[in-house]
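Visitor: Under our numbering, the first residue of the sequence shown carries the number 515, and numbering increases by one thereafter.
A couple of the hints might just be wrong.
Stated by the list, open to error - Distance windows between CB atoms, simulated:
#, residue 1, residue 2, range
1, S565, A657, 25 to 35 Å
2, A657, Q764, 31 to 41 Å
3, S667, E567, 46 to 56 Å
Calculated from the structure, these hints are not laboratory results.
For glycine and all other residues, C-beta sits at the position ideal for the given N, C-alpha and C.
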Amino acid sequence: MLKALLRVLAMMPLPIINAVGVLTGWGLYFFSHKVLRRTRKNLSVAGITSSTEEYHRLVRHSILETGKGLVETFAIWFRPQGKVLPWVRECHGWEHVEAAQAQGQGIIFLTPHLGCYEVTALYYAARHPITVLYRPARQQWLAPLIDEGRNRSQIKQAPTSLSGVRSLLKALKQGEAVGILPDQVPEFGEGTWADFFGTPAYTMTLVGKLADTSGARVLLAFGERLPWGRGYIIHIQPLEMEPTPANINQGIEQLIRQCPAQYLWSYRRFKQPKPHGKPRETQGGTN
């Protein structure tokens, strides 16, 4: 039943999908105290607004964009690839992809929780194979939806495990691309503390290790969501620094400042992993 509803949703025009997303966002704003609390706290910690009025406006807009992101993700998963790609209006920075390929380098795409990160992988996969690192869903009902939605031609999934890392490294050494959510909090022992908007955040060290071992080019990318369901603009730019956790966070900050409302501020970015797997929050973080 759920899949049938999602397939109906997926065939709707993008403006309608985004409208459903806005309604979902208002539902989150008024009824999900957890989402509202985390968004408020994380935006307060980031300190990217210059006035109280701007802060409250950004909180609202961010949660509405979260609703759009949730609904569009399901729509993209169940919409034929050929009908999703026309939603991408422009791609800025594709020359960086071509430059890496011309030198026979693999590519590490760092796509943070910003804008529509599902469409970036799909856009690349329409041209070249890509392996995407993912954390298996904890909700049993969600796992088969993810598998069906993401297992498309030229998109491979690699779990956040030793075997998954090996798959990433193999792809890079073959000159292929991999996609990683660089702001996803890693498991205990797999990261280090680095400032994110001036507050320590546990950040993965995997990217630097993969780049050092494979000689891959590191590119930052995100899919900017255009208003009124007009589509997406994909932005690609090189990480012009060594891919250390601190430099990666700095690069992510630069992307976020371009579209601050489209970042997933409700994500528990400042949580602290514990050895037994139950995270707690840092002083500046959210719960």
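Visitor: Against this structure, judge whether each hint is valid.
Guide: Verification of the supplied hints:
Our hint of 25 to 35 Å for S565 and A657 is violated, since their Cβ atoms are close to 43 Å apart. Between A657 and Q764 the beta carbon distance is about 34 Å. The supplied range of 31 to 41 Å therefore holds. Here the CB-CB span from S667 to E567 is close to 47 Å, well matched to the stated 46 to 56 Å.
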